[in-house]
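Chain by chain, the residues:
2 protein chains.
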Amino acid sequence: MTGRKTTSPVTFPFPLQTILESKTKTVIIGHDAPFVMIGEKINPSGRKKLGAEMAEGNFERVKNDARAQVAAGAHMLDVNAGYPMGDEPAMLVQAVQIVQSLVDVPLCIDSSVYEALQAALAVYQGKPLVNSVTSEDERLEMILPLIKKYNAAVIGMANDETGISMDPEIRLSIAVKIVQRAADYGIPPENVVIDPLALTVAADPTAIQVTLETIRLIRQELGVNMMCGAGNTSFGLPNRAPLTASYLSMAMYAGLTSAITDAMNETIRAAVMASDVMLGHDAYAVNWIADFRAKQKAAATT
Amino acid sequence: MTGRKTTSPVTFPFPLQTILESKTKTVIIGHDAPFVMIGEKINPSGRKKLGAEMAEGNFERVKNDARAQVAAGAHMLDVNAGYPMGDEPAMLVQAVQIVQSLVDVPLCIDSSVYEALQAALAVYQGKPLVNSVTSEDERLEMILPLIKKYNAAVIGMANDETGISMDPEIRLSIAVKIVQRAADYGIPPENVVIDPLALTVAADPTAIQVTLETIRLIRQELGVNMMCGAGNTSFGLPNRAPLTASYLSMAMYAGLTSAITDAMNETIRAAVMASDVMLGHDAYAVNWIADFRAKQKAAATT
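Protein sequence lines correspond, in order, to chains A and B. To convert a position in the first sequence, counted from 1, into this note's numbering, add 82. To convert a position in the second sequence, counted from 1, into this note's numbering, add 82.
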C-alpha cells in the first residue's frame, strides 16, 4: 500500500463540526462554536512522578487531575500513559476507564503506540479524539483503519518524514494529504482535526508567524478543525502563561478551534473565554458573565 | 474648498514608520516594531474629579498619573483636558507643559477643540501625535494645516458624517480619503495613524470582527500605522482586562501598531508584550526576559 497517491483536491467550503462524545456528553469543535480546551495534565511527559505512579497502578494523581481540570473548565481531557518502564496499553486502558468513571467529558486518547490506541479505543465509551497520526504512509495505513473501525476522530499532524517544514504551504499540503487519505478509508473530513504545529518562539522569532499563517491557510483552503499543543509556543521562556494566552488569542482569530492546554491556568482560561467573546462565539458574553458571577459567588462563600 | 475630491489611489507597499518625539526621546510606531502603548489616564472623560482639579489649576493628579504610567511602561501618554466648565485651550497647554517637564515620552495631544490643539501644538517640545481628525471635509480643512505647520502626526478616525459604518470596506475608504487629503496638504502617509474604530462587543457580537477585518484591510491596502482606544471593546462587561487584552493580541496580529490603553494594568501590558514576542517583534524575547528580571529584582528588594 505504500506510495499510494490521491491527487483530487479536497476542499470544504463550509465550516465542519467535529463531534466528540463521552458516555452522555457531547462536545462540538467548530469554527462558529466556543473554543474547546483539552486539559493537558494527564501525561507523564515531564511528570516522572505521575508516570511512576501509573506504572505501579496508583491512579490517585490521575483522578485528582481529572476532577480538577474539569472543575476548572476543561471541555475535554487528554489522557497519555507513555512511560519508559510501563506497559503502555494496560496503563492507557486503566487510565481511560478510571477517568471515564469519574468525569463526564470526552477524552483525547494520546499515544504513539498502536497497541495502546487499539486497546484504549476498545474500552472507550463514546466517540473519542485520537492523538495522533502523522502523514507518513506507514502511520496513516496503521492508524486510519482503527479510527474508521471505532468511528473516532483523529488529530493529523502537519509534519512528515522530512520533519517540520517552516513553509506554511508545505504544512497545508501535508494536512491535505492526511484529509484525503482519511477519506480513502471512509473517514469524513469532520473527523480529522489538523495540528498546524506550534514550536517555541524562544528558538525562532518567526515560529509563530509560520504557525498562524498555516492556521489561516488550512482554515481557508480545507475548512477542517484544528488543535495544537499551546504550551509549546512559550517553551523555554519565563512567565509563560501570558505568552501562551496571547498566542491562543491570535490563533483563535486565525482559525484554531481547539487546543491541548493548561485549562487550570486562569490567565490562559480567561484569554480563551475572552477571545470567544471578541470573535462573536460567545454572543452577548453570556458564558463570560455567567463565569464572572460564579466566581463572585464562590468568592463570597469562602 | 468643500467637496474637493482626490481620486488617485494611494497605496504604500512598504510598512511605514511614524516617528514621534519628546524633547529628547523618539518613539517609532511601525509594523515591524514593538507595539506602542499610549497611556490613557490623563483624560477627564469619566473622571470628573480630575477635570475639576485641572480646571482649578491643580495638576497633582496629572503629575502622579504621568509618572505612574511611564513607570509602568507606557511609551507615550495621551493628554486630554476636555471639561465642560473649563478653559480647554489653557488647561491643555498647562497639562502638556507640566507633563513634558516631568516625563520624557512623546505625547498624544487629545482634543476636539481647534483652539486647544493650536495652543498645545505651539508649546509642545518635539513631534507629537494629534488626537484626532475625522473625515468630514470641514474637519480635515481645519486640522490638517495645523498638522502640517507643526510637522506633527495625526490620528484619522475611520468614520464620517454618516456615523460609524459596520462595513470594513467603507471604513477603509474613509481611511484612504484621510490619507489622500493629508497628502494634498503635504503631510506624508507615515504622519497619518488611522483609528479603525473599536466598539464594544457587549452591544454587537460582530463589532470586533468588523474592527479586525478593517485593520487587516488597512494594513494590506494602505500600509499605514493604526491605533485605537482598546478599552472600548470591553465597555459594559465585567472583568474587562482579559477582554481588552485578548482583543489587543488579535488586533496586533491583524496589523494594529499602537493603542491608547491602560498601560498600568498588568494583564493588558503583559498581553501586549507577549504578543510582540509571538509576532517576532521582540526577537528572542529580549524585552520580555528583561522585564521579567526587573520584576523579580523589584520583588526581591521589597
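Treat the hints with care, since some could be wrong.
[What the hints assert, rightly or not] Here chain A is said to cover these stretches of chain B; the calculated rule only asks that three of the stretch's residues, wherever they fall, bring their Cβ under 8 Å from a Cβ of chain A: (1) 99-111; (2) 200-209; (3) 326-340; (4) 349-361.
[As the list claims (entries may be wrong)] Okay, the calculated beta carbon distance ranges per label pair: (5) A:251 / B:204: 35 to 43 Å; (6) B:97 / A:251: 40 to 48 Å; (7) B:317 / A:348: 53 to 61 Å; (8) B:377 / A:286: 50 to 58 Å; (9) B:114 / A:167: 32 to 40 Å; (10) B:150 / A:348: 44 to 52 Å; (11) B:231 / A:368: 35 to 43 Å; (12) B:149 / A:167: 31 to 39 Å; (13) A:382 / B:244: 29 to 37 Å; (14) A:375 / B:114: 38 to 46 Å.
[As the list claims (entries may be wrong)] Partial list, derived from the structure: chain A residues whose beta carbon lies under 8 Å from chain B: (15) 248; (16) 250; (17) 320; (18) 361.
In short, the hints are calculated from the structure, not lab data. Idealized CB from N, CA, C, for every residue including glycine.
task: Could you see if the CB distance from residue 251 (chain A) to residue 204 (chain B) stays within 35 to 43 Å?
output: violated, 54 Å
message: Given the hint of 31 to 39 Å, is the C-beta distance from residue 149 (chain B) to residue 167 (chain A) inside that range or not?
response: violated, 59 Å
query: Would you say the C-beta atoms of residue 97 (chain B) and residue 251 (chain A) sit inside 40 to 48 Å of each other?
result: Given about 23 Å between the Cβ atoms, the range is violated.
field: Cβ contact check, 8 Å cutoff: the segment 349-361 of chain B against chain A, three residues minimum
entry: holds (count 9)
task: May I ask you to test the hint 29 to 37 Å on the CB atoms belonging to residue 382 (chain A) and residue 244 (chain B)?
output: About 47 Å separates the Cβ atoms of residue 382 (chain A) and residue 244 (chain B), which means 29 to 37 Å is violated.
message: Holds or violated: the hint that residue 250 (chain A) contacts chain B, with Cβ atoms closer than 8 Å.
response: violated, 14 Å
Within 8 Å of chain A's CB atoms, at least three CB atoms from the segment 200-209 of chain B: coverage verdict: This one is violated; 0 residues, fewer than the three required, reach chain A with a Cβ under 8 Å.
message: Quick check on the hint: residue 320 (chain A) CB to chain B CB, less than 8 Å?
response: Where the cut-off is 8 Å and the nearest Cβ of chain B is about 4 Å from residue 320 (chain A), the hint holds.
query: Does residue 361 (chain A) pass the interface hint, meaning its C-beta sits closer than 8 Å to a C-beta of chain B?
result: Residue 361 (chain A) check passes; min Cβ-Cβ to chain B is 7 Å, inside 8 Å.
query: Does 53 to 61 Å hold as the CB distance between residue 317 (chain B) and residue 348 (chain A), or does it fail?
result: Hint violated: Cβ distance 23 Å, outside 53 to 61 Å.
query: Can the segment 99-111 of chain B be counted as covered by chain A under the rule of three residues or more with Cβ-Cβ separation shorter than 8 Å?
result: violated (count 0)
- prompt: Lying within 50 to 58 Å: is that true of the beta-carbon distance residue 377 (chain B) to residue 286 (chain A)?
  reply: Roughly 25 Å apart at Cβ, these two residues miss the hinted range, so it is violated.
Hint check: violations occur at hints 1, 2, 5, 6, 7, 8, 9, 10, 11, 12, 13, 15, 16; the rest are consistent with the structure.
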